[in-house]
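K.L.:
Please model the entire structure based on the sequences and the hints provided.
Read top to bottom, the protein sequences are chains Z and H. Residues in the first sequence are numbered from 0 upward in steps of one, following numbering that gives the first Met the number 0. Residues in the second sequence are numbered from 0 upward in steps of one, following numbering that gives the first Met the number 0.
Simulated from the structure, these hints should not be mistaken for lab results. Where a beta carbon is used, it is the ideal one built from N, C-alpha and C, also for glycine. Please note that the accuracy of each hint is not assured.
To be verified - Part of the chain H face toward chain Z, derived, beta carbon under 8 angstroms: (1) S8; (2) Y16; (3) S32; (4) A36; (5) E38; (6) F49; (7) L160.
The chain contents come next:
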Amino acid sequence: MSKTDPDEIDPLLKARLRAELNAVRPPSSLPRYATAGPPIRAWRLAPVALAIAFTGILALTAFAATGSPNPAVWTNRVETVINPPSPSSAPESESTGEPRIGSPAAPTHRPTAEPSEQPEPANTPEPTESTEPAQSPEPSDDHQSPSPSPSSPPSADH
Amino acid sequence: MPDDFRPGSREDFDRLYRVAYPRVYRTLTALLSDPAAAEDCAQDAFVQAFHAWSRWRPEAPAEAWIHRIAVNRAISYRRSAKLRSVGEVLRRLGRPAPAPDPADHALRSDLLDALRALPPKLAAAIVLRHVHGYNNREIAAALGVSERTVGTRLRQAAERLRHALEPFSLEAPSAFQADSSEFHVKD
Numbered sequence: 000m001s002k003t004d005p006d007e008i009d010p011l012l013k014a015r016l017r018a019e020l021n022a023v024r025p026p027s028s029l030p031r032y033a034t035a036g037p038p039i040r041a042w043r044l045a046p047v048a049l050a051i052a053f054t055g056i057l058a059l060t061a062f063a064a065t066g067s068p069n070p071a072v073w074t075n076r077v078e079t080v081i082n083p084p085s086p087s088s089a090p091e092s093e094s095t096g097e098p099r100i101g102s103p104a105a106p107t108h109r110p111t112a113e114p115s116e117q118p119e120p121a122n123t124p125e126p127t128e129s130t131e132p133a134q135s136p137e138p139s140d141d142h143q144s145p146s147p148s149p150s151s152p153p154s155a156d157h
Numbered sequence: 000m001p002d003d004f005r006p007g008s009r010e011d012f013d014r015l016y017r018v019a020y021p022r023v024y025r026t027l028t029a030l031l032s033d034p035a036a037a038e039d040c041a042q043d044a045f046v047q048a049f050h051a052w053s054r055w056r057p058e059a060p061a062e063a064w065i066h067r068i069a070v071n072r073a074i075s076y077r078r079s080a081k082l083r084s085v086g087e088v089l090r091r092l093g094r095p096a097p098a099p100d101p102a103d104h105a106l107r108s109d110l111l112d113a114l115r116a117l118p119p120k121l122a123a124a125i126v127l128r129h130v131h132g133y134n135n136r137e138i139a140a141a142l143g144v145s146e147r148t149v150g151t152r153l154r155q156a157a158e159r160l161r162h163a164l165e166p167f168s169l170e171a172p173s174a175f176q177a178d179s180s181e182f183h184v185k186d
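P.N.:
Right, dumping it as C-alpha cells:
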C-alpha cells in the first residue's frame, strides 16, 4: 500500500478508530448554555470595591488624625469637632457650683512668693536685741559651762 | 457541514450545537477516560462559546473554533486530574479503591486506552483528522497552531499509537503457521 499522504495512518487503525468513536453516544441532556446566566464581569464588582476602598481610606484618615485605632475615639473626636465644648462649661466652679462670669484671673497674677499678710514665723531664730547681757563665750575660770539660752546670739566679735 | 453561521445569532448557535455537540463529545471521549468529565468539558465549552458567540469571526470554521475551546478545557481537566488523583490517594490511604463502573466498560478498549495515554494535543490532532475528516488547515485553526505543527503532531501520534498497539496487532495472526511440507488431502 503506497501512502501518498505522509500523515495517513494504517487503514485498519483508521477504520477501527472511526468505528469505536462513532459508537460513542453523547448523553441526551439539555444544553447548559441555555440556562447559564451572563458571565460575571469584573465591572459589576466595581461598586463593592469602591465602597471597601472608601471605608479603608476613611479609617486610615481617622487613625492618622486621632492616633488611635479605636473607632470610639474617632467618634468622640468627630463629636468634639462638630460640637465643640462651650467655654462656659469650664470645670473651675467651686463650692457654689455657679459659673463665674468674668472672674478675674487671680491665680495667674499671683506672684510665686506670696505676700503674706502675716509673716510666718521663721523657724530659724532671729537675732533680737535683747537687753539681757549676752553671755560671752569667753573662757572663764568658772567651770560651769553656761547653759546657752535659746536666744543666745553668736559672738558679736565676729 | 456548511459554515454559514452568523455571529451572535441565537438560532444559528442552537443549530451549531445540534450538529457539533456529538462530534465534540466524541473528541473529548478520546482525550478523557471519564465520560462524565467529557460531557462536563463539552458543555462548558459550549457555554464559553455561547458567551463569545457575538465575537466569533467566520475566518475559521465554527466547529473548529468550538473544538479548540473544548480541547483546551480537556487539557486543563487532565492537568487538574493529576493533582486530584494525588489527593485521592492520600485520602484513601489504606482503603481499597472503589469498584469500576460497569457502564464505563463499554467505552474501554485497548485503542481508546492507547489514545487517552497520548498527550492530549496529539490525540486531538489524530481524532480531528482521521475520525472527523478535518484537513490540516482546519486542524490548525482548531488547535491554534501552524499547519506544519499539525503535520508533526499527526506523525508523532500515529507512531506512538502503532507502538502502543503492537502487542494487540490489528490483523489477527493465523493460529497455525503454514508448513510447506504439509499436503492437503485431495478428494
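K.L.:
Run every hint past the structure and note whether it holds.
P.N.:
Against the structure, the hints come out as follows:
| no. | hint | verdict |
| --- | --- | --- |
| 1 | S8 | 14 angstroms, violated |
| 2 | Y16 | 5 angstroms, holds |
| 3 | S32 | 12 angstroms, violated |
| 4 | A36 | 12 angstroms, violated |
| 5 | E38 | 6 angstroms, holds |
| 6 | F49 | 4 angstroms, holds |
| 7 | L160 | 7 angstroms, holds |
Of the numbered hints listed earlier, those contradicted by the structure are 1, 3, 4.
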